[in-house]
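*Asks:* Listed in order, the protein sequences are those of chains F and C.
When we follow my numbering, the leftmost residue of the first sequence carries the number 1, and every step to the right adds one.
When we follow my numbering, the leftmost residue of the second sequence carries the number 1, and every step to the right adds one.
Fair warning: there could be bad hints in the mix.
Rough simulated footprint, nothing fancy, chain F against chain C, three-plus residues with beta-carbon under 8 Å [what the hints assert, rightly or not]:
#, stretch
1, 29-38
2, 101-107
3, 122-131
Derived lysine-lysine pairs resembling DSS-like cross-links, with alpha carbons at most 25 Å apart [said to hold, decoys possible]:
#, chain 1, residue 1, chain 2, residue 2
4, F, Lys93, F, Lys81
5, F, Lys81, C, Lys132
6, C, Lys132, C, Lys72
7, F, Lys81, C, Lys72
8, C, Lys72, C, Lys58
9, C, Lys72, C, Lys62
The hints are simulated quantities; they were obtained by calculation from the structure and are not laboratory data.
Here a beta-carbon is modelled for each residue, glycine too, at the ideal position from N, C-alpha and C.
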Amino acid sequence: MLEITLFYVAATVALVATVLAMTRTNAIHALIYLIVSLLAVAVIFFLIGAPFAAALEIVIYAGAIMVLFVFVIMMLNLGEKGDQQERQWLLPKIWAGPALLAAVLFAELLYVISTVEGPVSTTAVSAKEVGLALFGPYVLAVEIASMLLLAGLVGSFHLGRRYLERDGFDDRSEK
Amino acid sequence: MSELMPVLLALTILIGGVAGAAILTWFERRLLGVWQDRHGPNRLGPLGIGQVLADMIKLLFKDDWVPPFSDKVVFIFAPTAIVVAMMMGFAVVPFAPGMMIIDVNIGLLFFLGMTSLAVYSVLLGGLASNNKYALLGGLRSAAQMVSYEVFMGLSLMGVVMMSGSFSLVDIVEAQTDVWFCFSQILGLIVFVIAGIAESHRLPFDLPEAEHELTAGFHTEYGGMKFAMFMLGEYLGLMLISCMIVTLFFGGWHGPALIGHWLPPLFWFGFKVFIIICFFVLLRAAIPRPRYDQLMSLGWKVMLPITLINLVITGAVLLWMEGAA
Numbered sequence: 001m002l003e004i005t006l007f008y009v010a011a012t013v014a015l016v017a018t019v020l021a022m023t024r025t026n027a028i029h030a031l032i033y034l035i036v037s038l039l040a041v042a043v044i045f046f047l048i049g050a051p052f053a054a055a056l057e058i059v060i061y062a063g064a065i066m067v068l069f070v071f072v073i074m075m076l077n078l079g080e081k082g083d084q085q086e087r088q089w090l091l092p093k094i095w096a097g098p099a100l101l102a103a104v105l106f107a108e109l110l111y112v113i114s115t116v117e118g119p120v121s122t123t124a125v126s127a128k129e130v131g132l133a134l135f136g137p138y139v140l141a142v143e144i145a146s147m148l149l150l151a152g153l154v155g156s157f158h159l160g161r162r163y164l165e166r167d168g169f170d171d172r173s174e175k
Numbered sequence: 001m002s003e004l005m006p007v008l009l010a011l012t013i014l015i016g017g018v019a020g021a022a023i024l025t026w027f028e029r030r031l032l033g034v035w036q037d038r039h040g041p042n043r044l045g046p047l048g049i050g051q052v053l054a055d056m057i058k059l060l061f062k063d064d065w066v067p068p069f070s071d072k073v074v075f076i077f078a079p080t081a082i083v084v085a086m087m088m089g090f091a092v093v094p095f096a097p098g099m100m101i102i103d104v105n106i107g108l109l110f111f112l113g114m115t116s117l118a119v120y121s122v123l124l125g126g127l128a129s130n131n132k133y134a135l136l137g138g139l140r141s142a143a144q145m146v147s148y149e150v151f152m153g154l155s156l157m158g159v160v161m162m163s164g165s166f167s168l169v170d171i172v173e174a175q176t177d178v179w180f181c182f183s184q185i186l187g188l189i190v191f192v193i194a195g196i197a198e199s200h201r202l203p204f205d206l207p208e209a210e211h212e213l214t215a216g217f218h219t220e221y222g223g224m225k226f227a228m229f230m231l232g233e234y235l236g237l238m239l240i241s242c243m244i245v246t247l248f249f250g251g252w253h254g255p256a257l258i259g260h261w262l263p264p265l266f267w268f269g270f271k272v273f274i275i276i277c278f279f280v281l282l283r284a285a286i287p288r289p290r291y292d293q294l295m296s297l298g299w300k301v302m303l304p305i306t307l308i309n310l311v312i313t314g315a316v317l318l319w320m321e322g323a324a
């Protein structure tokens, strides 16, 4: 009973925080709501028996990726001008179309969920089982993801390199 | 009684953490004084411990000013984040057998998650101040902490491999005979350096480097909001010290032969005290590196060391498994 109450509280927090994250005009406020939403999702993961996924959700999403988002926002220094631009973009005629299509998908999702009998297992999945699954049946996905990350790494290195050469900061040119 | 135990312990940690941080501000200055051949605050009360009270009264009665040009809600929220996150981190620390708030099988990850959430305090504080020095301090802290978090997590994987668990109690139990500070010496070195960088204390206090950024991310903060940042920093210092003891120095286990003479809680506290003194000594002895030096130390030295440590630990463990 307690678990179900906790689940619904966390789910409500996640939904409200996500809606607020979308509707805020100030980018930093939106990001803080997104962080809260991720923390709420971590609580849900923990409650449905995936403590390892919950911990990774906090360490990686809330603790690392969102920090980089805030980092980028700081570099851009949007200020009041950014707020005004966001306010213009949040007019009903812009979001009405996507919202309608999303509502259709949402209705379908509700129908699918209502037909399935409670699939949630209450046994906790340990870190070891996650590791065995990742490097057993899903090893191909892990390898592909690592190649994708490597491509991103090489790409960002290339971009940074060109920028340095253009401004004459390249340490090779000094030789 | 056993159900009340975690609640009582949580209250003890809450009060003890705040009191400990307050006393640490004085203790650190006295210790720095000893090492730099001067006195430090020695006037108020015996050994000058009344300085703690004087500082607290001063901070409490200071004008609690919120700059009109700042982002007010975020500005006020930022200092609380670091204190809450660090306090939460203490929830998984095993002080003595059976004496911890919660023993979860993801204890170590929970600690890493809480330290990574503490970053937001510095980041949002610097951003909400709407001040160039604060912004630069916040930017530096973001890059510094995200980088050092990587090595911090990786350096602990050797310990996890050797104990076979993320649970801190299991990790302490695995050190009954030999502490991990011998077999995981590389991991220990990286974790200590990354720990200082995470709690952004001297010599890695670049986010608030006072000679170039006035006071960095907390330039606009004063009174109790500034005190919250300081409280968070000292809580972070204590938490990192507790984790170093738990992960590398056998937690509540005493040294061989004389270990059973005194209770486990004493050994834990004693070791944490030694580590805190070591951190103060580092502050007194090492100058602050330049920002690019900090970054290249991280990515060009620390990352290879942690990866080598991981490979060696894994190879030795597999070899021992094959031999057995």
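*Asks:* State the violated hints by number, sorted upward, taking the hints as numbered earlier in the document.
*Replies:* 1
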